[in-house]
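Construct all of the structure, not just a fragment, from the sequences and the given hints.
Those protein sequence lines, which keep their order, are chains P and S.
The first sequence begins at 0 in numbering that gives the first Met the number 0 and counts up one residue at a time.
The second sequence begins at 0 in numbering that gives the first Met the number 0 and counts up one residue at a time.
These are calculated hints, taken from the structure and not from any lab test.
Where hints are given, some of them may not hold.
[Unchecked claim] Taking beta-carbon pairs under 10 Å as the criterion, some of the chain P residues facing chain S (in silico):
#1 Gly13
#2 Gly98
#3 Ala146
[To be verified] Okay, derived cross-link-like pairs now, DSS-like style, lysine-lysine, Cα gap no bigger than 25 Å in a straight line:
#4 Lys129(P) with Lys189(S)
#5 Lys129(P) with Lys159(S)
#6 Lys110(P) with Lys182(S)
#7 Lys189(S) with Lys128(P)
#8 Lys178(S) with Lys189(S)
#9 Lys129(P) with Lys182(S)
#10 Lys129(P) with Lys45(S)
#11 Lys128(P) with Lys178(S)
#12 Lys110(P) with Lys2(P)
#13 Lys45(S) with Lys7(S)
#14 Lys103(P) with Lys159(S)
#15 Lys182(S) with Lys73(P)
#16 Lys182(S) with Lys150(P)
#17 Lys6(P) with Lys208(P)
#18 Lys330(P) with Lys310(P)
#19 Lys180(P) with Lys166(P)
#20 Lys128(P) with Lys182(S)
#21 Lys159(S) with Lys111(P)
#22 Lys189(S) with Lys111(P)
#23 Lys208(P) with Lys16(P)
[To be verified] Here are a few chain S residues that face chain P, going by a calculated C-beta distance under 10 Å:
#24 Pro43
#25 Asn173
#26 Ser174
#27 Lys178
#28 Met180
#29 Met183
Where a beta carbon is used, it is the ideal one built from N, C-alpha and C, also for glycine.
These are the residues of each chain, in order.
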Amino acid sequence: MAKIQLKNVSKVYGNNKVMDDMNLEIQDGSFTVLVGPSGCGKSTTLRLIAGLEEVTSGEIWIGNHLVNEVAPGKRGISMVFQNYALYPTMTVQGNIEFGLENMKIPKAERKKMVDEIVEIVDLTEYLDKKPQNLSGGQRQRVALARAMVKKPNVFIFDEPLSNLDAKLRGQMRTELIQLHKRLGTTFIYVTHDQVEAMSMGDEIVILNKGHIMQQAAPMEVYHNPANQFVAQFIGTPAMNVISIAMLEGKLGKIIDERIFYIGFRPEHVEIQTAEETTSGIHLPCELLTIETLGSETLYLVNSDAGQFQVKSFNNPLMNTEKIHVTIPFDKLYYFDTQGNRVYVDELPFESMGKEVRGEVLI
Amino acid sequence: MKTSLPIKILNVIGLIVVVIIFAMPFIWMISTSLKTLGETMIFPPKWLPDELIWENFMEAWNSGPFLQYFINSVIVSVGILMLQFITVIPAAYAFARYEFRCKNILFGLVMVTMMIPAQLIFLPVFLNLSEWRLLDTLWGLILPFATSAFGIFMLRQTFKQVPEELLEAARLDNSSEFKIMMKMMVPMAKPTLITLGLFNFITHWNDYFWPLVMTTTERARTLPVGIAQLRQVDGGVAWNILMAGNVILVIPILITFFFAQRQIIRAFTYTGVK
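Structural data, given as structure tokens:
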């Protein structure tokens, strides 16, 4: 078990700086998810930790060891690859055993360790099969077994579920969470799927263009995003962000001059069905599209402030064209011109006075 | 897509023509090797001998130190094969998987050697070997072919197809580079290696020119040179004996080919495991 630290790490490919002066600390025993759009440097981070790439500058520490010069096989790391990377010419047994063999573990002991692991992942009857004769889920389990059998200090997962179908993916997600609980080892997990990140990690690191945008627990990231990028990356659909200029006339005078954008989550927008009670921004909107997802409904609406999305858990409004919505003041997020969060203690604009609408539309 | 009947028939006819063109000399060789000397001369030619004269083979075999030739041929062909694998596999692995200084220039040089006509190289190599006193030795027949640019090229292509992830997984499993090469790369390139080995074996088993130039005594002569000498018996050419010698020459190749043909087909269709 080990804590992992990246200190001022930079990585340059040719003229392309993919990572600039990154500092990252991954707690011992945590399930840390690195998430971000493609090209954000999450896989590079992973490969640097695993030793598959060399840092251009900076230090990587695993536990109390500086591992910059340590070969990948000697870092106490196991990795599960996106395409499993099973050795095609070896049987399941050979695949799982290969790492142990290189660690010079005697044959009898190896056999015991392999048997134990295949029992856990339920592959006992497939020991003599070649990987190409296994299904996707089985291959995934072989890859897991191969990683587990070495009893590493750190597990690294590089988008391991992206090749599985939706149902199996859900199942494997639960299995991985249970596995982490049982082993208590540090897990580092890379994905571009924010649902995976939110549901699995106990810590999320959101990356963009080689920089850490935010590192926090999943709910913290959702409720308290540090900047516009995180706000829009986490949550489905993404947070609506509107320039404050578009809301002129809907708000009172802006007191805080730093504020440039206002954000709000689609699920926080209230569709007015009765007399207005919540204090917030009122906007008459036109319905553009409706997506019904069963338990919830997504609307794309157009208002004076531009287009935005609304998520509602009520029954879909099928025959309506115009609605009134309220965006509660206490659910607003404020960002400056750079997209950084502006934290405010009280409403950063003058209230227009609570007006009660008599108009009921639905 | 279904092909229509006339096209199918044309296909079959075409195939038959090709088979005849390729198989005819072969059949002619075998049939001649079983004829009497008289039968080889008559006109119109006879396709099948009246009586199968198996003694032709004995006569061919006994008309020179053929056992010596045969052993020499085996040593030379197998020696070249082994040396080439030893040199070609690491070179191909390095060219396919490593970044090092002047890699492209070096690889270019290897490729250039394929473009130089063999005839240009023979003389300097001959002089070289004669300086090293390797004329008329088996080493003189083996060493000039100790590596193969074509082999390096072909194997490099195969190695390049192996997904990088596999090697990374092996490195994380604390595997040495040598072990990666031998336990990952080589088994995956098996069809290519067998094909290379077979081409190699056939080429050098059949090679006539170089052993002829290099050898002056029976000590180092190989089968093709020995068999060519059958022509000089008695001034006239005993075609039946000569062909019997040729059949003896060809049999080992036929046997190897028979066992390797499935692998050869795989070498050209191999796409790796998804």
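Verification of the hints:
1. Gly13: 13 Å, violated
2. Gly98: Cβ of Gly98(P) sits 4 Å from chain S, so the hint holds.
3. Ala146: 9 Å, holds
4. Lys129(P) with Lys189(S): 16 Å, holds
5. Lys129(P) with Lys159(S): 22 Å, holds
6. Lys110(P) with Lys182(S): Between Lys110(P) and Lys182(S) the Cα gap is close to 20 Å, so the pair holds against 25 Å.
7. Lys189(S) with Lys128(P): 19 Å, holds
8. Lys178(S) with Lys189(S): 16 Å, holds
9. Lys129(P) with Lys182(S): 15 Å, holds
10. Lys129(P) with Lys45(S): Since the Cα atoms of Lys129(P) and Lys45(S) sit roughly 55 Å apart, the hinted pair is violated (cutoff 25 Å).
11. Lys128(P) with Lys178(S): 22 Å, holds
12. Lys110(P) with Lys2(P): Roughly 31 Å between the alpha carbons, so the hint for Lys110(P) and Lys2(P) is violated.
13. Lys45(S) with Lys7(S): 33 Å, violated
14. Lys103(P) with Lys159(S): With a Cα-Cα distance of about 29 Å, the restraint between Lys103(P) and Lys159(S) is violated, given a limit of 25 Å.
15. Lys182(S) with Lys73(P): 20 Å, holds
16. Lys182(S) with Lys150(P): 23 Å, holds
17. Lys6(P) with Lys208(P): Holds: Lys6(P) and Lys208(P) sit about 18 Å apart, inside 25 Å.
18. Lys330(P) with Lys310(P): 14 Å, holds
19. Lys180(P) with Lys166(P): This hinted pair holds, its Cα atoms lying about 22 Å apart.
20. Lys128(P) with Lys182(S): The given pair, whose Cα atoms are some 18 Å apart, holds under the 25 Å limit.
21. Lys159(S) with Lys111(P): At roughly 36 Å apart (the allowed maximum being 25 Å), Lys111(P) and Lys159(S) break the hint.
22. Lys189(S) with Lys111(P): Not satisfied, since the Cα-Cα distance of roughly 31 Å exceeds 25 Å.
23. Lys208(P) with Lys16(P): 9 Å, holds
24. Pro43: Since the shortest Cβ distance to chain P is 57 Å, the answer is violated.
25. Asn173: Nearest chain P Cβ about 3 Å off; hint holds.
26. Ser174: 5 Å, holds
27. Lys178: 7 Å, holds
28. Met180: With Cβ-Cβ at 13 Å, over 10 Å, it is violated.
29. Met183: Holds - the Cβ of Met183(S) comes within 10 Å of chain P, reaching about 6 Å at its closest.
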